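As they're listed, the protein sequences go chains A and B.
Note that the working numbering has the first sequence beginning at 1, numbered continuously upward.
Note that the working numbering has the second sequence beginning at 1, numbered continuously upward.
If you are wondering where the hints come from, they were derived from the structure by calculation, not from laboratory data.
It should be emphasised that the depicted structure is a prediction, and the values quoted were computed from it without experimental measurement.
No residue lacks a Cβ here, since even glycine has one placed at the ideal position from N, Cα and C.
Don't take every hint at face value.
[What the hints assert, rightly or not] Chain A residues, not near chain B, derived (Cβ > 10 Å throughout):
id	residue
1	Asp42
2	Gln102
3	Pro125
[What the hints assert, rightly or not] Partner residues are not named here, just some residues of chain A that face chain B (Cβ under 8 Å, in silico):
id	residue
4	Leu71
5	Leu73
6	Thr77
7	Glu92
8	Lys95
9	Glu124
[Claimed, not checked] Below, in silico cross-link-like pairs of lysine-lysine (DSS-like), each with a Cα-Cα straight-line distance of 25 Å or less:
id	chain 1	residue 1	chain 2	residue 2
10	A	Lys22	A	Lys95
11	A	Lys95	B	Lys234
12	B	Lys80	B	Lys96
13	B	Lys49	A	Lys95
14	B	Lys80	A	Lys22
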Amino acid sequence: MEEIKKGFTPDPDCLVQVRNLKMFFPITTGFLKTTMLKAVNDVSFDIRRGETLGLVGESGCGKTTVGRTLLQLYKPTDGEIWFDGRKIDNKEALKNFRRRAQMVFQDPYSSLNPRMTVGDIVAEPIDVHHLCANKTERENRIRELMTLVGLNTEHATRYAHEFSGGQRQRIGIARALASKPEFIVCDEPVSALDVSIQAQVINMLEDLQSRLSLTYLFIAHDISVVKHISNRIAVMYLGRMMELASANELTKHPLHPYTVSLMSAVPVPDPKVSRNQHRIVLEGDVPSPLKVPSGCPFRPRCSRATAACAEACPAMREVSPGHFAACHNL
Amino acid sequence: MTEKKMKNPLSLQIDPALFETASEEEKAQQVTMRESVSFMRDAMRRLRKNRIAMISLWVILLVALIAFIVPTFYPYTYTKQDVTAQNLGPFQYSAKEQMKIDKGMSVFPHIMGTDNLGRDYAIRVIYGTRISLLVGIFSALIVIVIGIIYGSISGYFGGRVDMVMMRIVDIIYSLPDVLIVILLSVAIKDWVSTSQNALIARLGAGMVSIFIVFGLLYWVSMARQVRGQILSIKKQEYVLASRAIGATPARIIRKHMIPNCVSVIIIIAAMQIPSAIFTESFLSFLGLGVSVPMPSLGSLASDARTALRSYPYQLIFPALSIFLIVLSFNLLGNGLRDAFDPKLRN
Ligand SMILES: Nc1ncnc2c1ncn2[C@@H]1O[C@H](COP(=O)(O)OP(=O)(O)OP(=O)(O)O)[C@@H](O)[C@H]1O
Ligand SMILES: [Mg+2]
């Protein structure tokens, strides 16, 4: 009933639907003066069941904030989050959501408690949601999870500081899997790791996805990391979504001027192609998120900016089937 | 082909033919890690290496053992007066006792002599030490319990709650403890003397108010430190991870925050003990602590002042005892700080 009143019907194909999400942080900028930092401003997107949605953008554009607000770790300033056809707006829904949606963190060092054993870290969701009836069942589950992510089960009694970055990230992944979630937000899970280990962890995440039929929101600041594992990719800039399309379409035919410049910066392995590639170097720096330009946030650095761009912020619009972009000049 | 690649000595090109495959045993050796060390064990190892801290620990244990075990079998009690044996020096006997010895009976010696009422001084010093240790332990307990609960709530909830709670701490911090003990002991004198509770009556108004004041005032520095620690732990991602899992604030405080505050808690508690012991002795010295006939190291020292010229040992023994306890606790506290928080050193 409520859904009809609000004029929004959840799509059964989608596991997660985000509508007009806003997350503003009050920042003290002077004596008794606070300014709103618009970390996420009016972002909407859907994540289909079983797919990986890549979320890319420069550092500080609000990717982590989208992931955390989506998981209700921050209280959104505005906007709705629907999970499996239900709006997350009450305690009961949230409790259920906490079990079914999990997060893998960017920093494998600060995301594991140094005073807990690996077994206890991995079992935390089990303990919180009372998923195991007794101790043996819990032990077995810990062993099962550690095997799943390729860790030696004998190391369950060790402390996290005894492991390498890659192993620690595996521990973090095992913890995220412990409550048998359907949806996992991976917040730059490999950016703190050595290049040689990045591929291992990404392959493992892909493998786990097909085995456990997981849905991912995969955050990265680099398109080249996500383009292989994402079905669709969303591009963010200064708290707003700029473009959303299938991974193939976005990398081959980027529409938004910002995405075009991002794609031109991606190194191409073939030197012949690389030599002909015209690299667009953006002028100026990313403006401070406290002083977002009027109208389109990308306007001051955009080569195609017109007077109209300064007036109104362009809305996301379906330029071609399944390809959304927010630009006045398309 | 390989020949060509190997030419450059600085090249990292390695000839795979020179390697042999690892046996299963060798592979297993690579996997085995060094023995697991928890933070606690690591700190304990560091503490054991610190000789001064270990000597202090043994001194404290020895003193505690004497203070709590010796009175159970000691032939004299701290109240029993003997007018014939006033102000004896160490290992002296009164005329009456000498007669007994001459008759062949055994008399336990007055190791530290007797006081002006003929009470055995050794047992009085032991009792005084016991009071000091109890005060130290009690104040540490209060500091730990109240300080941790208060500090962690303030740090965890932050914002306005934190501001109000920390202003209260500021106010308490500025209250003079000695003055409050004096005022309180006057205020509760009647209540204590008519109390049905034997223990309260025996401790006396001064001692009860000392305990109350410790309970009211001494936890503030612990609360401040724990709050500061919690504020920094709160920013760690493992706390966020726990919230993402759906853990309650109580679980987060218990499982994530307090275990990461342990070093601070141990250090502050260990530093608090000698200062509490010293405050109690000081107040008893001024006549505000224990009530007669119960001895305290402070009151013993104070009583000894009047006859300092004639019987200096009556001051030396309690003074030595308090010196030993306070010094050992301080040195142990320093050792614990170095062991649990190597960064805090110097
Ligand atoms: N809790 C917070 N309080 C105040 N400001 C915040 C908070 N979290 C994030 N911000 C601000 O919001 C903006 C977006 O931050 P966010 O961490 O989401 O960026 P990001 O895209 O994940 O960057 P990175 O690639 O560096 O991880 C930044 O300007 C940041 O300073
Ligand atoms: Mg981030």
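Against the structure, the hints:
no. : hint                  : result
1   : Asp42                 : holds (24 Å)
2   : Gln102                : violated (7 Å)
3   : Pro125                : violated (5 Å)
4   : Leu71                 : holds (6 Å)
5   : Leu73                 : holds (6 Å)
6   : Thr77                 : violated (17 Å)
7   : Glu92                 : violated (12 Å)
8   : Lys95                 : holds (6 Å)
9   : Glu124                : holds (6 Å)
10  : A/Lys22 with A/Lys95  : holds (22 Å)
11  : A/Lys95 with B/Lys234 : holds (22 Å)
12  : B/Lys80 with B/Lys96  : holds (16 Å)
13  : B/Lys49 with A/Lys95  : violated (49 Å)
14  : B/Lys80 with A/Lys22  : violated (80 Å)
The structure does not agree with the numbered hints 2, 3, 6, 7, 13, 14 stated previously, though it agrees with the rest.
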